[in-house]
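*Asks:* Each chain, letter by letter, is given below.
There are 4 protein chains.
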Amino acid sequence: MLVVMKNDATEEQIKAISDVIRNMGYTPEPVPGVQRQAICVLGNKSRVDSSHIEVMDGVKEVIHVTKPFKLVSRESKEKSIITVGNNKFGSITLPVIAGPCAVEDRVKFLEIADAVKHEGATMLRGGAFKPRTSPYAFQGLGEEGLKILAEARGKTGLPVCTEVMDTDTLAMVSEYADVVQIGARNMHNFSLLRKVGRQKKPILLKRGLSATINELLMAAEYILSEGNWNVILCERGIRTFEEQTRNTLDLSAIPIIHELSHLPIIVDPSHACGRWDSVPPLARAAVATGADGLLIEVHMNPLEALSDGPQSLKPEKFSQLMKDIKNIAASIGRKI
Amino acid sequence: MLVVMKNDATEEQIKAISDVIRNMGYTPEPVPGVQRQAICVLGNKSRVDSSHIEVMDGVKEVIHVTKPFKLVSRESKEKSIITVGNNKFGSITLPVIAGPCAVEDRVKFLEIADAVKHEGATMLRGGAFKPRTSPYAFQGLGEEGLKILAEARGKTGLPVCTEVMDTDTLAMVSEYADVVQIGARNMHNFSLLRKVGRQKKPILLKRGLSATINELLMAAEYILSEGNWNVILCERGIRTFEEQTRNTLDLSAIPIIHELSHLPIIVDPSHACGRWDSVPPLARAAVATGADGLLIEVHMNPLEALSDGPQSLKPEKFSQLMKDIKNIAASIGRKI
Amino acid sequence: MLVVMKNDATEEQIKAISDVIRNMGYTPEPVPGVQRQAICVLGNKSRVDSSHIEVMDGVKEVIHVTKPFKLVSRESKEKSIITVGNNKFGSITLPVIAGPCAVEDRVKFLEIADAVKHEGATMLRGGAFKPRTSPYAFQGLGEEGLKILAEARGKTGLPVCTEVMDTDTLAMVSEYADVVQIGARNMHNFSLLRKVGRQKKPILLKRGLSATINELLMAAEYILSEGNWNVILCERGIRTFEEQTRNTLDLSAIPIIHELSHLPIIVDPSHACGRWDSVPPLARAAVATGADGLLIEVHMNPLEALSDGPQSLKPEKFSQLMKDIKNIAASIGRKI
Amino acid sequence: MLVVMKNDATEEQIKAISDVIRNMGYTPEPVPGVQRQAICVLGNKSRVDSSHIEVMDGVKEVIHVTKPFKLVSRESKEKSIITVGNNKFGSITLPVIAGPCAVEDRVKFLEIADAVKHEGATMLRGGAFKPRTSPYAFQGLGEEGLKILAEARGKTGLPVCTEVMDTDTLAMVSEYADVVQIGARNMHNFSLLRKVGRQKKPILLKRGLSATINELLMAAEYILSEGNWNVILCERGIRTFEEQTRNTLDLSAIPIIHELSHLPIIVDPSHACGRWDSVPPLARAAVATGADGLLIEVHMNPLEALSDGPQSLKPEKFSQLMKDIKNIAASIGRKI
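Chains as they are written, first to last, in my numbering: chain G, 36 to 371; chain B, 36 to 371; chain A, 36 to 371; chain W, 36 to 371.
Looking at chain G on its own, in the form it has when it is part of the complex (with noise of 0.2 Å):
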């Protein structure tokens, strides 16, 4: 349930509807907006009976959530714009988020980063911490890695977006990273998602690898109710019987989870296909679908690539992927 307040609530009124919502025992939760003040009320397991609160001071209307998500839902707030850098996701303008899938090297890494800034991109991406199907495989360079995104931070004065693994290393990555990410693989890591939502750092959250809609709205829903607002949605791609690709990319993701929640959603092509040829393609849809955001893969040598080669683009593929992607925003009154 969501209690609206009139334009000119005060502090008292909210503070006394507030104490009602905790004296029914349930949790009042602050709504942040600028149009609109609101308190969400949590705990509920059935549908509350508001009259008393309806007729308090201050109260414009009492809104009822029919969905299990409530915090990341259109009901609570009706567009979310996560500001990082210049970044605006959920703007008319979408952030290119680029680079390659590990930090494997400090002067390779640097020289990329200098690449796709060239290009256009408005944020580096790099994992330190990668998870890996095989125990054997690289693992990232850890606090070194970090600290070569910070490094390339300075050069570029572009936003640096990283991977966190785990708890144990949240405050490690947090403090080095503009964003962080929440792999595909821990989606549905409930205790890393509560510590995410008691930082400041805004998120990256990536849909699981089978997970539904629903289930990512819901993981959103974990890290908003820890008081952390700044998400930004990942589709990247689910799994399927065909095998030509990785994954397949669920486009339709976008307009349905515009029409749930508030929260912008970027999408992912490179994990999605797991191939280079068809990222261009499926990074247009991604902008003409209505997309807040791209993540693109980009490698000065794919075919040396520690993680993911297949999948990463020459800078060179990544110019011309930028020109395509900008004519397409344009034509639907985006901008890149």
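Derived by calculation from the structure, the hints in this document are not laboratory data. Among the clues, some could well be false.
Since the list can't tell identical chains apart, any single copy or any two copies may satisfy a pair.
[What the hints assert, rightly or not] No more than 25 Å apart at the CA atoms, straight line, and that leaves these computed lysine-lysine pairs for BS3-like:
no.	residue 1	residue 2
1	Lys352	Lys114
2	Lys358	Lys41
3	Lys235	Lys182
4	Lys123	Lys41
5	Lys41	Lys152
6	Lys358	Lys370
7	Lys358	Lys152
8	Lys182	Lys236
Could you slot chains B, A and W onto chain G? The hints should help.
*Replies:* Chains B, A and W alone, transformed into the frame defined by chain G:
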């Protein structure tokens, strides 16, 4: 194996090579083409020894086809453009096929036909024979529906596309239709594939509910192997665990099929998602990805539709969709 | 809706009720049964007002069927036992259908037929018309294969089961076969379902590659609605992302179908897993779950099989499998 | 690569070989075993040149492992039997772990514990930390729940199995539990896998919601590679399009894992199907397939359960299930 002939190869030279292939126990299949003449060798299980063919008169080169599909492969032909009236599938101009799921009523169908023509549709669709999950659901008007389609073609000047469900009614459907559709549930109906391969009308072949891209191409191979090279492929979503949509549209099929095959591929976003509000964004995505056309369900009053109402657009929504995809097409150098 | 008659209801009473149903605009369909006589009401989209039927002479009770399937539902009939020679599908004794994927050669087939009969198989299988992904793969011997099947029946005394691929060859297949199989790729071939519903031979209906349990039951409903109630369902695995097996056997289909329908359901572990070493454990599992029979691929020399060799058992492995499943069956009060 | 030592190999010989491996840039990992001593070589990307190791003193043979998993493979060890109290996972006697999804209440849990022990369960289960899709759902009693589990162990003499959700609570869970469970949602939580690999308690590792068999084995490899070889795998259904069940139980995983790995694999039919009426037939199927144990949800009053009530059996149904699976086990030469 493909035997590619020189531009000035004579009929006698081609006949001589065909005889040699037959003597080796294989079947020679002439491959149509404006720019080059070629003979496809069918019936071999493993690599054919081509040494004595390579040195025969008129032979330019011999190509060993490494895929399970031969006639549909890019190795056999560079690119196919399928012409139906003013529609050229595979050209830079994208046909848009529109209309209701089923032909339900003469007056209503003529009304929709007028409406979609007015908004720029270049071909009409409507089912006269409907494959339905339940034997008690509306099964289509049969030949009466085909006559209504023909009347709509007469009034609008647009060609019509309609589905054939079995070999018994193929002659009848083929008589009325400009394009004969094989539905998703019949993609593996090999007897039907063979028979449509033996008649002249172009075929719209939809991907099966859980068919891989390879299987779709092999189904097309059945049709081409019987002599009908006018096959238009159609991606219409595959079955996954996601519950918000009827199917999951697999747009990566477009670049992959363009790489593997010379056949054009169009997209049906209506059946893919099963909800009208996701049709426009997925239609834009399809065009941005490089689809060679669209198939869109339109109904004057979706709530009254006897089948697939929830995924049908009203004419005014279709009008907006046409404007949007024209912009997208222009931005990638194509036209609607 | 079902109108259940009293045990002593007369033909006149049944006719009177059928007339009333027809006057209401619906179709009365007599439901066969030893223990009770009933009339199924077809053609209604919503609940039928049954008040004046309930009070007619001879009526015991009126049951409103709530599922989309009617004739196949447990509400219409308690349990079906389909008899084919000495096989009784749905009884406590489980038929075992065995043989090669395809009839490839007269001498070899007669040899396998003898071998599987010796090990306890109660019906023979073998394809004369083979649905193959590739048009260039072995397509079966056609009528010659059917004649070999008939000869094997003569020599062994066992009935034979073989697949029909289309309506054109149905009359021919139906003439030779004791059980006519509808393969997984034709489960949604509604024209074929209707036609096999109009002939007399029992049908073995396989679940489609990605069909839901509901869709399988609706496909059976097509057959029953045309008058053929002798339908044996077959679970043969569904398509998933798992790569070690050809399909994933869904054994939960057995208890669920037993709860929803009166039709027997057997299991084909060979097609489900696609590897012979998993066939015996899955066959044991099927019997333990409560399957009403098994379909097992056996080949004298799997390495030489023209189709599906990797999933075929040699006779000696089949011999062991028969011993094992006899023990399992005994442990749950059933027999092989 | 595995270096298998002779039975009379000395500690010095093993040390000498380990030093050589280290000098080659790889990591030597001793492989535990009663019947043979072996050293696994980790860290190589391609085939290692073993010529000079083969001739060293004490070496019996060198085995080149061809699978991506090494320590879990049958090549490294013939068979593992994991002992927990009187339970021997991997032996001919099948442990049955039973109890409610979550520990909800002390009195009720002790009651269930008594009931399932009385029916023959050999280990207790119950979640104290519950991964839930919604942050507002019951999350478990935490340490209080662990204490109740310990009390139940004291009263019944049965060991207890409970889930760990994160590295923060691992020490606490590990202190109370006899078997530490990694749930399906954490199968790809590599940080947690590593940490449970560094403690001593046996691990019950559940297959991820859409994990392949290979990925499950690689997840186990993470645990073994840290030194904990006491891993029990658990098949609990994978995500498919079927709507009648929560997941689709993949029983072919059992023979395939038995062929690929020395680790025992048990089955959880309750989570697989999500409906109590399908649990007994799937439990019988699991035993018939060759599963090394079962995990069954039992609740005194499923309708009141705070989680997963619909899939829980009442004690009387569990009693019947135990009788049934004893018969099945006996028929394949195993025991419950």
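*Asks:* Run through the hints listed earlier and report the numbers of any the structure violates, in increasing order.
*Replies:* The structure breaks hints 2, 4 and 5; every other hint is satisfied.
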